[in-house]
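Student: Below are the chains, spelled out letter by letter.
There are 2 protein chains.
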Amino acid sequence: MSAHPTFEQMWAELAPIGRSATTGGYFRQPYTAAELECRAWFTEQAVRRGLRTEVDGNGTLLAWWQPEGAAGPAVLTGSHLDSVVDGGAYDGPLGVVSAFAALDRLVADGLAPARPLVVAAFPEEEGSRFGVACLGSRLATGVLSGDDAARLQDADGTSLLDAMASAGVAPDLGPAAWLSEIGVYVELHIEQGRDLVHRDAAVGLGSGIWPHGRYRFDFTGEANHAGTTHMEDRRDPMLTYAMTALAANKQARLSGNRATFGRVAVEPNGTNAVPSRVSAWLDARAEDETALSTLVTGLSRQATERAERDRTGLQITAESVSGAVAFDEGLTSRLATHEGREPWPVIPTAAGHDAGILSTAGIPTAMLFVRNPTGISHSPAEHASTQDCLAGVDALIEVLERLLTAPADGSP
Amino acid sequence: MSAHPTFEQMWAELAPIGRSATTGGYFRQPYTAAELECRAWFTEQAVRRGLRTEVDGNGTLLAWWQPEGAAGPAVLTGSHLDSVVDGGAYDGPLGVVSAFAALDRLVADGLAPARPLVVAAFPEEEGSRFGVACLGSRLATGVLSGDDAARLQDADGTSLLDAMASAGVAPDLGPAAWLSEIGVYVELHIEQGRDLVHRDAAVGLGSGIWPHGRYRFDFTGEANHAGTTHMEDRRDPMLTYAMTALAANKQARLSGNRATFGRVAVEPNGTNAVPSRVSAWLDARAEDETALSTLVTGLSRQATERAERDRTGLQITAESVSGAVAFDEGLTSRLATHEGREPWPVIPTAAGHDAGILSTAGIPTAMLFVRNPTGISHSPAEHASTQDCLAGVDALIEVLERLLTAPADGSP
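Taken in sequence, the protein lines are chains A and B.
Just remember that this note's numbering sits 398 ahead of the position in the first sequence, which is counted from 1.
Just remember that this note's numbering sits 398 ahead of the position in the second sequence, which is counted from 1.
The following block holds chain A by itself, in its conformation from the complex (with noise of 0.2 Å):
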């Protein structure tokens, strides 16, 4: 039996931590003091461990466990700790919690592993508050360079690199060395879709990612008084936005992909002033990248014959666009079956996560998703039965146990 906290203990520790008593939801951005607090939670869990730990440049938390006789690439685990803005408690934190609590139980198995284990949290993996998503792993990777992260301000102006340092993390923003030393990379989360509760099963395999982008869509008008001002000398951007908000849903209806508008600017922003600018962010994601390509050129090409229509100016930027991802198909595979249990079903998701950037990076990964009854995500309705997220540490330590005894070409 292990002295540390169990899975259900850990996941009481973290639950009041930026969690709204309006809302239920967590505000978790990154370097805020909730998302401080569980960075702080990390920590304490590694040290009562006696792991080593380490945090990189670009705030990543790094806990190795390096027992005698454990050498050469290491296994990597874990997950996130930052939320959306009033998001759910599982996505992210369940593959940390459930990686301490698979790591004790392999400590307590008496497990001699052949290779290191390290867990992992990434920051800003939602991209809640720097407007890039899964920015910890886009820098290790290399994906995104020091110099563009260095730019990047939250809504309030506060660059990236003042909001690191004034949290204590000192800033080297770039590639990150300890990258070098992984060997395979698994990551266990909370499903957001309801594919697992068709298949009736607890847990399941990644087989890749949708490819998906975030787009920026400034529409710019004519400041006017709401009272006085010509229905027909108007040049109103929110014009232009609200058909443009309807016609990406009905594409995304049309062709079976998504497509969102979530977040919307608006400048002035007063209830008797015609806009002089509406920003709004399309999160887009498709099957493959043709379809994606098609939704976004599609949509792009109706916001620009209306802003014609309407006299407004439309800018377009891509803030950050992910080509398909596909996990290790043959990792993926021989993970999916182990002798005294049904195979686990293989899914595929159209969220983002690390998993896809150190995939595409070329580190051998897979994902564990969790079953969510609802499917309910990035909300505070998000929810996972605890007797499923122990059936996923259980699916874990079966995973760790496999890669951290097999021979080193990774294959377990």
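Just so you know, not all the hints are guaranteed correct.
You can't tell identical chains apart in this list, so a pair holds if it fits in one copy or across any two.
[What the hints assert, rightly or not] Derived SDA-like pairs (lysine to any residue); straight-line CA-CA distance at most 25 Å: (1) K648 <-> H628; (2) K648 <-> S698; (3) K648 <-> G455; (4) K648 <-> Q464; (5) K648 <-> D631; (6) K648 <-> Q700; (7) K648 <-> E630; (8) K648 <-> A510; (9) K648 <-> S731; (10) K648 <-> R709.
Treat the hints as calculated values from the structure; they're not laboratory data.
Fit chain B to the given chain A structure using the hints.
Tutor: This is chain B only, laid out in the frame that chain A set:
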């Protein structure tokens, strides 16, 4: 010659206060630092002219000129000093600065007024901080109760009472005692439209104000992951809002009225989250009350039908509704003509003013408008030429002289 600053000097004193270096627009929301500086400027102008100053419990600034021999119902003039968010320089301050300039000329000309003159600056005319336009005059006249106003909060949750108290204004919200001493009100204002341009006149009088209202539309849905949630499974309030914004524009265009959605608040407002709530404010104005009611009722029906289709919720709250205003017809027609000049044109307006509230409350009221070459208002681009502003001051001097020397029944 007056020893007091000229119109142009006073204008130059106010010009930098609350002006954004980025947009050139004004941010003079009530009880913010910029607006408090404007209020201090008002008091300084009054004190240097030896006027008796008064701040009522609603935050209205008053400056009384009552030389010996002046008695009975007073002549009130003025306007407001607060602005919309990122507004123009003229909307409000033009009437206040013109009032002091006109008073200086009357004193310099040796006028012996039969009645007192009061210069006023009403607070929160724009409703840009606490959401109720013409807040000062609504309270003074009892149109809005002190209890209701005490519940008002700004977007940050600061109550009107706290904002006033922290600005050093002792709140005592409710009907104003001084109003019983007022016999007539004249408000000078920049025109918010181009009627005077078309009539080739620097100055005109107002016939009345279109009825108008502000309505909050709260669209509610279900927050969810923007990537993983099937389009068919969503309850996305952004779509219901977008359709409503387009419908509002179309209805107003077809009926020759005005409808604007210029203010929007989205929750959680994250790029990768389907919103749980979109609140949007409709500003609607029409030529008469039947037309306004038809417009708002029709739009509410369309929005409700769409909400059913989108499986979203919709609650519509009328935040403030003002009936049609007809300014005092006899007074206006008498003021329109005077020997030695062309008659002033008499024009309607779709903009709300404290003059409308006082007129509806039974105070004989007239409005003077100053030409606006572009018609643009509630925008940094709002402008009137200095020559036209000085023509406005001359017009106000003429009107005040006629009113201050008229018999007590008020007919100039």
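Student: All hints are to be evaluated individually against the structure, with a verdict given for each.
Tutor: Hint-by-hint comparison with the structure:
no., hint, in the structure
1, K648 <-> H628, "between (31 Å within a copy, 12 Å between copies)"
2, K648 <-> S698, "both (14 Å within a copy, 23 Å between copies)"
3, K648 <-> G455, "neither (43 Å within a copy, 53 Å between copies)"
4, K648 <-> Q464, "neither (52 Å within a copy, 68 Å between copies)"
5, K648 <-> D631, "between (29 Å within a copy, 14 Å between copies)"
6, K648 <-> Q700, "both (12 Å within a copy, 19 Å between copies)"
7, K648 <-> E630, "between (28 Å within a copy, 11 Å between copies)"
8, K648 <-> A510, "neither (55 Å within a copy, 72 Å between copies)"
9, K648 <-> S731, "neither (36 Å within a copy, 56 Å between copies)"
10, K648 <-> R709, "both (24 Å within a copy, 16 Å between copies)"
Hint compliance for this structure: hints 3, 4, 8, 9 are broken, all remaining hints hold.
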